[in-house]
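Undergrad: For reference, the chains in residue letters:
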Amino acid sequence: MKHLRSIDELGLDGLTGLLQLTDHMAEINQRPVPKVPALRGRTVASLFFEDSTRTRLSFETAAKRLSADTMTFNVSTSSVNKGESLRDTVATITDMGVDAFVVRHKSVGIPWQISQWTTASIINAGDGAHQHPTQALVDCYTIREATHAQNFSGMKIAIVGDIKHSRVARSNIQAFTLLGANVVLVAPPTLLPPDVSHWPVSVSHKLDEIIDKVDVLYMLRLQSERMAQGHVPTLREYSEQYGLTQKRVLALKSDAIVMHPGPMNRGVEMQIDPSDVKNSLIHRQVANGVSVRMAVLFELLGSGSSLGGQA
Amino acid sequence: MSKSIVIKGGTVINRSSQEVADVKIENDCVVEVGKNLKGDIQLDASGCIVSSGFVDLHAHLREPGKEEAETIETGSRAGALGGYTALVAMPNTDPPQDSVAVIDFVREQGKRAGLVDVVPSGCITLGRQGESLAPMAELANAGVTLFTDDGNGVQDAALMRRALEYAKGLGITLAQHCEVAELTKGAVMNECSCCTDLGLPGWPSIAEELMVFRDIELVRITGASMHFLHLSTKRSVELVRAAKRDGLAITAEVTPHHLSLTQELLSSYNPVFKVNPPLRSIEDIRALKAGLLDGTIDAIATDHAPHPRRDKEMSLDMAPPGMLGLETALGVVLAEGGCEIRDVVALMSWNPAKIARIDAEHGRDVVAGIKANLCVFDPQLTWSVDPERLASKSINTPYVGRTLRGRVRHTMFKGTATVIDGQAQK
Numbered sequence: 001m002k003h004l005r006s007i008d009e010l011g012l013d014g015l016t017g018l019l020q021l022t023d024h025m026a027e028i029n030q031r032p033v034p035k036v037p038a039l040r041g042r043t044v045a046s047l048f049f050e051d052s053t054r055t056r057l058s059f060e061t062a063a064k065r066l067s068a069d070t071m072t073f074n075v076s077t078s079s080v081n082k083g084e085s086l087r088d089t090v091a092t093i094t095d096m097g098v099d100a101f102v103v104r105h106k107s108v109g110i111p112w113q114i115s116q117w118t119t120a121s122i123i124n125a126g127d128g129a130h131q132h133p134t135q136a137l138v139d140c141y142t143i144r145e146a147t148h149a150q151n152f153s154g155m156k157i158a159i160v161g162d163i164k165h166s167r168v169a170r171s172n173i174q175a176f177t178l179l180g181a182n183v184v185l186v187a188p189p190t191l192l193p194p195d196v197s198h199w200p201v202s203v204s205h206k207l208d209e210i211i212d213k214v215d216v217l218y219m220l221r222l223q224s225e226r227m228a229q230g231h232v233p234t235l236r237e238y239s240e241q242y243g244l245t246q247k248r249v250l251a252l253k254s255d256a257i258v259m260h261p262g263p264m265n266r267g268v269e270m271q272i273d274p275s276d277v278k279n280s281l282i283h284r285q286v287a288n289g290v291s292v293r294m295a296v297l298f299e300l301l302g303s304g305s306s307l308g309g310q311a
Numbered sequence: 001m002s003k004s005i006v007i008k009g010g011t012v013i014n015r016s017s018q019e020v021a022d023v024k025i026e027n028d029c030v031v032e033v034g035k036n037l038k039g040d041i042q043l044d045a046s047g048c049i050v051s052s053g054f055v056d057l058h059a060h061l062r063e064p065g066k067e068e069a070e071t072i073e074t075g076s077r078a079g080a081l082g083g084y085t086a087l088v089a090m091p092n093t094d095p096p097q098d099s100v101a102v103i104d105f106v107r108e109q110g111k112r113a114g115l116v117d118v119v120p121s122g123c124i125t126l127g128r129q130g131e132s133l134a135p136m137a138e139l140a141n142a143g144v145t146l147f148t149d150d151g152n153g154v155q156d157a158a159l160m161r162r163a164l165e166y167a168k169g170l171g172i173t174l175a176q177h178c179e180v181a182e183l184t185k186g187a188v189m190n191e192c193s194c195c196t197d198l199g200l201p202g203w204p205s206i207a208e209e210l211m212v213f214r215d216i217e218l219v220r221i222t223g224a225s226m227h228f229l230h231l232s233t234k235r236s237v238e239l240v241r242a243a244k245r246d247g248l249a250i251t252a253e254v255t256p257h258h259l260s261l262t263q264e265l266l267s268s269y270n271p272v273f274k275v276n277p278p279l280r281s282i283e284d285i286r287a288l289k290a291g292l293l294d295g296t297i298d299a300i301a302t303d304h305a306p307h308p309r310r311d312k313e314m315s316l317d318m319a320p321p322g323m324l325g326l327e328t329a330l331g332v333v334l335a336e337g338g339c340e341i342r343d344v345v346a347l348m349s350w351n352p353a354k355i356a357r358i359d360a361e362h363g364r365d366v367v368a369g370i371k372a373n374l375c376v377f378d379p380q381l382t383w384s385v386d387p388e389r390l391a392s393k394s395i396n397t398p399y400v401g402r403t404l405r406g407r408v409r410h411t412m413f414k415g416t417a418t419v420i421d422g423q424a425q426k
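Protein chains in written order, with the working numbering: chain A, 1 to 311; chain B, 1 to 426.
There may be inaccurate statements among the hints.
Which residues of chain B face chain A? A few of them, derived with a C-beta cut under 10 Å, are [stated by the list, open to error]:
#1 G202
#2 P271
#3 R310
Taking CB as the label site, the calculated pair distances span [unchecked claim]:
#4 B:I206 / A:D276: 37 to 47 Å
#5 B:S268 / A:N74: 21 to 31 Å
#6 A:Q229 / B:E68: 33 to 43 Å
#7 A:K206 / B:E283: 31 to 41 Å
#8 A:Q229 / B:E238: 25 to 35 Å
#9 B:E68 / A:G11: 14 to 24 Å
#10 B:D156 / A:Q116: 41 to 51 Å
#11 B:I206 / A:K35: 54 to 64 Å
#12 A:E237 / B:A137: 51 to 61 Å
Derived from the structure by calculation, the hints contain no laboratory data. Quick reminder that beta carbons are idealized off the backbone N, C-alpha and C, glycines included.
Please construct the entire structure, taking both the sequences and the accompanying hints into account.
TA: Following this line, the structure appears as C-alpha cells:
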C-alpha cells in the first residue's frame with residue numbers, strides 16, 4: 001500500500017488488515033514506555049491547510065511512538081487561498097527527504113493531486129467534504145472494540161446530521177457498509193447530497209422514527225454557517241429535530257452506542273453532556289486515534305518486518 | 001501581382017454540391033473552381049475536403065489583460081491550425097470589451113497578427129457587471145454585431161429585457177451565457193451522483209435551463225434576436241427546439257467538449273476537466289447530438305479558454321474553469337460528434353458566419369469571386385494531442401491520450417496560406 005487517500009482505495013482487505021494491526025499498536029500504547037523503533041530514520045511531514053486538533057496531534061503522536069521524525073508545515077491561510085504554491089511547497093519538502101505527507105485541505109482531491117508531485121506516500125487527513133479515511137478507521141475500530149464484532153453484518157448504524165458537507169460521513173458510509181452494516185442516513189433533505197440513490201444506504205428524515213432501532217447512533221457536527229447558507233432555518237429548529245436530547249437517549253436501545261467525531265457543538269447536535277450517555281464512545285474515539293494512525297504509518301512506511309522491541 | 005495558388009484534387013463541399021475539383025486563388029480571391037487548373041504554387045488536397053474556412057463564435061483570446069495565458073496572435077495561430085479564418089473574441093478581457101477603444105485595439109491586434117479575422121464581441125452590460133447597459137449603439141457603430149457578458153449570465157430580468165429591446169433597434173444579436181448565479185455558488189461540476197461521491201458543490205442543469213426559458217420568453221415579447229452560448233443540457237435543447245418551432249429568432253451553439261466528455265472525468269481530480277458550464281451526463285450528450293442533427297443547434301463553437309499551467313495546478317475548487325478548443329475542435333467533432341462531414345461544415349462555418357454577420361466574407365460556397373477564406377482538411381486522419389506542441393500559449397487541453405479523427409491540412413486566409421501541411425506559416 002503506497003497511499004491512504006480514501007476508504008474505497010483501501011478496500012475490505014486493507015481495512016480489516018489495518019484494524020488487526022491497530023490491535024498491536026494498542027498493545028504498545030499500554031506499555032509503560034509506549035515507543036518502538038519501527039520507523040526510525042523515516043520522516044513524516046504534516047501539511048495542514050485547515051485547522052485541526054485531534055487529527056494532527058494524534059498523527060504526530062503516532063509518528064513519534066514509532067520513532068519517526070516529524071516535520072510540521074504551518075500554512076498561512078493566505079497562501080492556501082492563492083493555492084499556486086502548493087506544488088512548489090510539496091516539491092521543496094520532498095527534496096528535504098520525506099517519506100510521507102499527512103495532508104488536510106479544504107479542497108476536494110488535493111491528496112490525489114499532491115501524489116502526482118512527490119514520490120512520498122500520501123495520507124489523507126481530510127479533503128473538503130470528500131474523505132477522511134483515518135477517522136473512519138478509528139470509528140470502525142472503536143465499534144469493534146466495544147461490540148467485539150469482527151464484522152458489522154446485521155448491525156444498524158444511523159449517521160445523523162450534515163451528510164452533505166461531511167467527509168467523515170462519506171468515509172464512514174464506505175467503511176461501515178464494506179464491513180456489512182446497514183447504514184441509515186438521518187438528515188433534512190437540504191443536508192443530504194443531491195443524489196444518494198447509488199449509495200448502499202437508506203435515508204430517513206425523522207430521527208425519532210429510527211432512534212429505537214439502531215445499534216450505533218453516529219452524530220455529526222453541524223456548523224453554524226449552514227444556517228447562514230439556508231440549509232436549516234435555525235439551529236434551534238435543527239437541534240429539536242436532529243439533536244441528541246435526554247428524551248432521545250432514553251429512547252435508544254439499552255446497548256446502543258453513541259459516537260461523535262468531534263469537535264462537538266454542545267447545545268446543537270448534542271443537547272446533553274456525553275458523559276451522561278451510558279454507552280458513549282466519544283472518548284474511546286479520541287483514544288483510539290493514536291493507535292489507528294500508528295497502524296496506518298507502519299503499514300505505509302514500515303519495511304514489512306516486525307515492530308521491533310523497545311525504543 | 002502575387003503568385004497564384006491552386007488547391008489540387010480535393011472534394012469541394014458547397015451547400016448544393018460536392019465534387020472533386022481544383023480551386024485557384026489569385027490575390028485574396030478564389031478565381032476559378034474546376035478541373036486541371038494550374039498555378040504558381042500547388043497545394044495537394046487529395047483525400048481532403050475543401051470548404052469555406054471555419055468561424056468560431058466563442059474564443060477567449062485573453063488579450064488585453066491575461067497575455068500569460070494567450071495573446072491575440074497565439075490564439076489566432078491556434079485558430080488557423082484548427083481551420084478557422086474568423087474568431088469571435090469574447091469580451092471578458094481586462095479591461096473588458098465595453099468601449100470602442102478596446103474593441104478597436106482587439107481588432108487591430110488581430111490585423112497585426114494577420115492569421116484570421118478577429119471579430120470582437122461587445123459587452124451587454126458595463127464591465128460585465130450586470131448592472132447597466134454598455135454603450136451598445138456606439139459599439140455597433142464601431143462594427144460590433146454580437147454582444148455578450150460571457151462568463152456571466154445577465155441575471156437581472158428587467159435589464160435583460162431592456163437590453164433586448166435596445167438591441168432590436170440596432171439590428172444586433174445578444175448572446176447569453178445561461179447560468180442563474182444563485183444556483184451555482186461555489187459549483188465545481190455537474191450536480192450528479194459523481195458530485196455526491198466527491199463532496200463537491202454541484203452546478204445543476206436547472207441553473208442553465210431557467211435562464212434559457214426566461215430569455216426565450218423575453219425574445220418572444222421583445223421580438224429581438226438571441227444566440228445561446230454553449231448549451232449543455234437535454235432540457236435546454238428541448239426548450240430551444242420548441243422556441244424555434246414557434247418561429248422565434250433564436251440560435252444556439254454547443255462546444256466540442258460538451259459533445260465528447262462526461263462529468264465522470266472529474267473523479268480524476270484533474271482541474272483540466274473543470275469548465276463552465278460543466279461537463280454533463282451521457283444522456284445530455286445524446287440530446288445535444290440529436291439537437292445538432294435536427295437543426296435545433298446551429299453551430300459548434302469552441303469556448304477556447306486558455307489558462308496558464310499554474311492556474312490549472314490549483315485545487316478543483318480554486319482552479320479557473322475552461323479548456324482549450326481551437327486546435328482540436330474538428331478532430332473531436334469528426335471523431336465523436338456523430339454527424340456527416342457536410343453537417344460539420346455547416347455547423348463550423350456556414351451557420352456561425354451568418355450568426356456573427358460576417359457572411360459577406362466567411363462561410364461562403366467555394367466558387368469564383370469569393371474571398372479566399374478556406375479550410376482544407378483530411379477527414380480520416382487520426383492523431384493524438386501533444387499539449388506541448390500546440391500553438392496556443394497554454395496547455396490545458398482535455399484531450400491528452402484520446403484519439404481524434406480529422407485534421408486540418410491547409411488553411412487559406414484572404415488568399416494567403418496560413419497553414420500548409422499542418423504547419424503554421426507565420
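Undergrad: Now tell me if each hint is right for this structure.
TA: Verification of the hints:
With its C-beta approaching chain A no nearer than about 6 Å, B:G202 sits inside the 10 Å limit, and its interface hint holds. At its closest, the beta carbon of B:P271 sits 8 Å from a beta carbon of chain A; the interface hint therefore holds under the 10 Å criterion. At its closest, the beta carbon of B:R310 sits 5 Å from a beta carbon of chain A; the interface hint therefore holds under the 10 Å criterion. Checked against the hint of 37 to 47 Å, the pair B:I206 and A:D276 passes, with Cβ atoms roughly 46 Å apart.
Checked against the hint of 21 to 31 Å, the pair B:S268 and A:N74 passes, with Cβ atoms roughly 30 Å apart. Restraint check, A:Q229 to B:E68: a C-beta distance of roughly 35 Å satisfies the suggested window 33 to 43 Å. With their beta carbons about 33 Å apart, A:K206 and B:E283 fall inside the hinted range of 31 to 41 Å. For A:Q229 paired with B:E238, a C-beta distance near 31 Å keeps the hint of 25 to 35 Å intact.
Between B:E68 and A:G11 the Cβ separation comes to about 43 Å, which falls outside the hinted range of 14 to 24 Å. Our hint of 41 to 51 Å for B:D156 and A:Q116 holds, since their Cβ atoms are close to 43 Å apart. Distance hint check for B:I206 and A:K35: the Cβ-Cβ separation is about 57 Å, which falls inside the suggested range of 54 to 64 Å. Checking the proposed 51 to 61 Å range against A:E237 and B:A137 shows it holds: the Cβ atoms sit about 53 Å from each other.
This entry does not satisfy hint 9, going by the numbered hints stated previously; all others are met.
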